[in-house]
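Number of protein chains: 2
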Amino acid sequence: MPTFIDKLKAKWNEGKFVCVGLDADYEKIPPFLKQKTSGDKFPEASAFYEFNKSIIDSTHDLVCAFKINSAFYEAKIETWESMQHTFRYLQTAYPDIPIILDAKRADIGNTSERYALGTLADPQFDSLDDNTGPDAVTLAPYMGEDSVGPFIKVAADEGKGVFILVRTSNPGAAAIQDALLQDGTPVYQHVGKLVAQWGAKLVGTRGYSSVGAVVGATNPDQLAALRVLLPQTIFLVPGYGAQGGSAADVAKAFKPDRTGAIINSSRGIIYAHKSPAYAGMPWERAVEAATLAAKKEIAAALQ
Amino acid sequence: MPTFIDKLKAKWNEGKFVCVGLDADYEKIPPFLKQKTSGDKFPEASAFYEFNKSIIDSTHDLVCAFKINSAFYEAKIETWESMQHTFRYLQTAYPDIPIILDAKRADIGNTSERYALGTLADPQFDSLDDNTGPDAVTLAPYMGEDSVGPFIKVAADEGKGVFILVRTSNPGAAAIQDALLQDGTPVYQHVGKLVAQWGAKLVGTRGYSSVGAVVGATNPDQLAALRVLLPQTIFLVPGYGAQGGSAADVAKAFKPDRTGAIINSSRGIIYAHKSPAYAGMPWERAVEAATLAAKKEIAAALQ
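Protein chains in written order, with my numbering: chain A, 150 to 452; chain B, 150 to 452.
Treat each hint with caution, since some may be false.
Said to hold, decoys possible - Partial chain B-side listing against chain A, Cβ under 10 Å, derived:
1) Tyr-222
2) Lys-253
3) Val-297
4) Gly-298
5) Val-336
FYI, nobody ran anything at the bench for these hints, they're computed from the structure. Only a predicted model underlies this, so the values are computations on that prediction, with no experimental measurement involved. Note that the Cβ used here is the ideal one computed from N, Cα and C, for glycine as well.
I would like the entire structure built from these sequences, with the hints used as guidance.
See below:
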C-alpha cells in the first residue's frame, strides 16, 4: 500500500498542489441537489453526500488531496455518517488521492489514543467495515508531545500523517502565536520547531516527515520563515482564496523543487457558483473551473 | 431556566466540588454489565449507556457536575448515540446537575460556529429533539479569540459555559505552556489573561464569567498563581487522583469562600473497583465510595 506521502508526492509530480476542502453547508448547497434528496430519509445527510460526490467527480484530476472538515458533519449522526460515506466513495473511486480529516483534536494521552483511533481509524474501531479512515488528521499543539503522540504512533504504524497547527490563518491567531519568547522567537516558530522534533524520527526516503504543520497563507512572511526553518515538514496551507491569501503568498510554502505544500481552498471552490467570475455556469462546472484556475495560478507562481 | 453557573453555585453551596468524568472504556467496564448488554444490537453502546447510568445513579448526590469525554464516544456512531442518551438521561433524571462536554474543540470562525452548535447544541441542530446539549464545553486556545468566539456566543445566548485550556495536567504541557515570554510571563499565564479578557463581558451577578479555564492539579504552584490572577474565572481542574494531584493541591483552585473550581476525577472513580482500597466491593459501591472519599477529602482540605 502506498503511504500518505507516496500518494502526495505522486500528485506533486503531476503538478497538482490544490486540496479541495469539503465544508458542506446545507444553506449554501445548490437547490437542485436539495430537491434531488428531499424525499430521502435524511435529506440533509443525502445532500451532503451528493454534494461531496459531485465535487470529487468534478475535480479529482486537478487536486493533490481532499480535506474533510469534521465540524460540518459531526453535529448530527446522519451527517456524520455521510462523512464516512464520503471517505468510502473517495477510497473506492479515487484511491490514489489522499484524504485529510480536519478535526483539530488533541488531549491527554489515554484520551488522544481514543481520538487517534476514531480519526485515523483502524478498521476495528470503525463502524464501516471497509473504511480504513482518512490518510491524515489535523491536530492542536497546545498540550504538547504526549497529546499528539498517540496520533503520530497510529500514523507511523499505518503509513498515514498528521498536521499540527503552527501558524493559523485567522486574525485572532496573533494574540498567542505571535507572542515573543525571551530569546525573541515567536511562539509559532517555537511550536514549529517542536513539530519538527516530534516528527524527526519519521522522515522517510522522500525527505519529508509524516508529521506535518498547518501554516496559513495569510501571513506570507511567516510562511516563508517557516519554510526555511522546517525543511522536512509538509505544510497544509489554509487561507488561500476566500480568506485572502494569493498564489504568490502560497508559493512561499513550497521548496524550490515544487514539493512540500498542500494548498487548501474550501469556500472559494465549492461555492464558486456564487462568485461573479462564474456567473451563469452550472454549479459543477463552476467548481471545476475554480479548481482549474487555482491549479494554474499556483503552478504559474511556482515557475 | 437556571444557567450553568446557577446550577454550579447551588452545588458548591451544598459542599459538592467533585465532577465525575464519564470516560467509558469497553475493556475496563465490569464484566456483569457487558453480559447484561451482550444480546443487544450494539453491545458496546448499550454497555456504555448502562455504565454511565449506574455511575450517575450512584454518585448524583455527591457531585457538582458530570463530565463526558467525547473521545471515548465519537469513534463509532453507536457509541456516539450512547453519549447523547447519557445527556438525555442526566437532563431528565437530574436536571440540576451541570454536564460538561470535554471535547477540546476550536477552529476558524465559520468552522467554530458549526462546532459550537454541534457541542453546545441548539435543539434545531440536534438529532434528539428533546436534548438541549451539555451545559458547557472545553476548548483549545491556540487559534485565539475568533476561534472560541462562536462558542462563547452560544454559551452567552443559552446560559451555558466554556472552559478554555490554560495549563493542562499532562507532562508534555510544559514545552509550550511554560515557555517564558519577553516580559517573563509564562505562556500559560498569558493565555489565562486572554481567557479572562475574552470572558470579561460575561461576568454575572455571582461574580464569575461563563468563560472558564482548564487548569491542571499536577502543578499546584501554577494553579495558585492563576487563582490570584483570574479572580472571576471558574477553573475546571483535571489531574486529581489517577493523575497524581492531591486534595491539598486542588484546594488551591478555590477562592476563600470555597467557590470557583470543579475538581474532575475520571479513572480514579469510575474504575475504583480495580483499586486495592475497594477490593471485594461491588463496582457501583466502589464508585460511590470513591466519590464520597474524594468529596470528603476535598471538603476537609478547604476547611
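These are the hints, each one checked on the structure:
no.: 1; hint: Tyr-222; result: holds (9 Å)
no.: 2; hint: Lys-253; result: holds (6 Å)
no.: 3; hint: Val-297; result: holds (8 Å)
no.: 4; hint: Gly-298; result: holds (8 Å)
no.: 5; hint: Val-336; result: holds (7 Å)
Going down the numbered hints, you'll see the structure goes against none, and every one checks out.
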